[in-house]
Structures are given as C-alpha cells and as structure tokens.
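Counting from 1, position 36 in the sequence shown corresponds to residue 36 in our numbering; the numbering is continuous, with no gaps.
One thing to keep in mind: the hints can contain errors.
Claimed, not checked - Cβ pair distances, simulated, as ranges:
{"hint": "1", "residue 1": "N15", "residue 2": "L86", "range": "20 to 30 angstroms"}
{"hint": "2", "residue 1": "N15", "residue 2": "F90", "range": "40 to 50 angstroms"}
{"hint": "3", "residue 1": "E75", "residue 2": "S123", "range": "38 to 48 angstroms"}
{"hint": "4", "residue 1": "D70", "residue 2": "D118", "range": "12 to 22 angstroms"}
{"hint": "5", "residue 1": "D66", "residue 2": "N21", "range": "31 to 41 angstroms"}
{"hint": "6", "residue 1": "S125", "residue 2": "A29", "range": "21 to 31 angstroms"}
{"hint": "7", "residue 1": "E93", "residue 2": "G16", "range": "43 to 53 angstroms"}
What the hints assert, rightly or not - Mimicking DSS-like on lysine-lysine, the simulated pairs with C-alpha atoms at most 25 angstroms apart in a straight line are:
{"hint": "8", "residue 1": "K133", "residue 2": "K98"}
{"hint": "9", "residue 1": "K19", "residue 2": "K81"}
{"hint": "10", "residue 1": "K56", "residue 2": "K79"}
{"hint": "11", "residue 1": "K102", "residue 2": "K69"}
{"hint": "12", "residue 1": "K102", "residue 2": "K133"}
{"hint": "13", "residue 1": "K56", "residue 2": "K69"}
{"hint": "14", "residue 1": "K79", "residue 2": "K5"}
{"hint": "15", "residue 1": "K81", "residue 2": "K56"}
{"hint": "16", "residue 1": "K133", "residue 2": "K56"}
{"hint": "17", "residue 1": "K109", "residue 2": "K98"}
{"hint": "18", "residue 1": "K117", "residue 2": "K81"}
{"hint": "19", "residue 1": "K56", "residue 2": "K117"}
{"hint": "20", "residue 1": "K5", "residue 2": "K81"}
{"hint": "21", "residue 1": "K56", "residue 2": "K19"}
{"hint": "22", "residue 1": "K35", "residue 2": "K56"}
{"hint": "23", "residue 1": "K79", "residue 2": "K69"}
These aren't lab readings, by the way, just hints derived from the structure by calculation. Owing to the predicted nature of the structure, the values given are computational and were not obtained by experimental measurement. Every residue gets a Cβ at the ideal spot worked out from N, C-alpha and C, and that includes glycine.
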Amino acid sequence: MENIKRFFEFGGIVNGFFKRNYFASEEAAINDFSKANGYVDIYRSIYAYDNEDLQKASLLGDLVFDLDKDILGEEDYRKVKLDTLLVLTFLEEIGVPKNRIKIFFSGSKGFHIEVSKDAVGMSPSTSLSDQHKIIASY
C-alpha cells in the first residue's frame with residue numbers, strides 16, 4: 001500500500017447536519033473542508049484506504065485504543081488511568097517498543113493510545129478494523 005495512492009475519509013457538520021464519506025488523497029482537501037466549516041466537529045478516519053469504494057478497499061492504520069469514560073470526579077479519572085496503564089503493560093509484555101507508542105489525553109474523557117502499525121505487524125487488509133477489534137478485546 002506504500003506505493004498506492006491513499007484516500008482518507010473525513011466529514012463533519014455541514015449546514016447543521018453531520019456529513020461523512022468525503023474522500024481526499026491530499027491533506028490540503030481536508031484542511032480546506034475544516035476551514036470552510038469553522039474547524040468545528042471535524043473528523044478524519046484513522047485508516048487510509050487504497051480506493052474510495054469502502055466495500056473493496058484495503059486499509060492501513062495504526063492500532064488505536066480509545067479509553068474514554070465520562071470523568072465526573074477523581075474516581076472516574078483513576079479508573080480510566082488504570083485502564084490506560086493496563087493496556088500499556090499489555091503492550092510492553094508483547095514486546096512493543098515504547099518509542100512506537102503514543103499516548104494522548106482525549107479532552108475530558110480519557111486517553112488514546114496509538115501503536116505504530118509496523119510495531120504490531122499490521123499490513124494492508126480489507127479486515128483490518130476487525131483485526132484491531134480482536135486485539136483490543138484482550
């Protein structure tokens with residue numbers, strides 16, 4: 001997939017309604033969409049696709065753990081922090097190098113852990129999201 005043109009799916013609020021399934025092969029198109037829509041409620045898929053037909057597309061993306069919880073107090077924060085540490089321990093136990101892991105605070109809801117695709121041996125596949133779900137279920 002490295003030599004194949006990549007498409008990114010994105011969307012957001014357009015004229016008061018959520019729209020998705022916009023595709024672009026250039027980041028500039030996503031930036032233009034974001035600017036035109038006030039940089040509010042915009043998303044981009046974590047996957048890159050090798051064509052715009054999602055039913056046939058192979059996809060490639062890093063493995064992402066989304067550890068969100070409504071944090072209403074210290075106990076909620078402690079729980080999501082513990083879950084985050086458990087995932088990091090699991091990744092260490094299976095041999096993922098620390099420099100291939102990124103951790104992000106996701107606003108007021110928790111943490112995102114992003115693991116480089118090459119660190120876990122991921123390759124382009126039409127079932128990549130299912131593979132990610134299986135890994136996350138451990």
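Which of the listed hints are not met by the structure?
-> Going through the list in order, the structure violates hints 1, 4, 5, 9, 10, 13, 14, 15, 20, 22 and respects the others.
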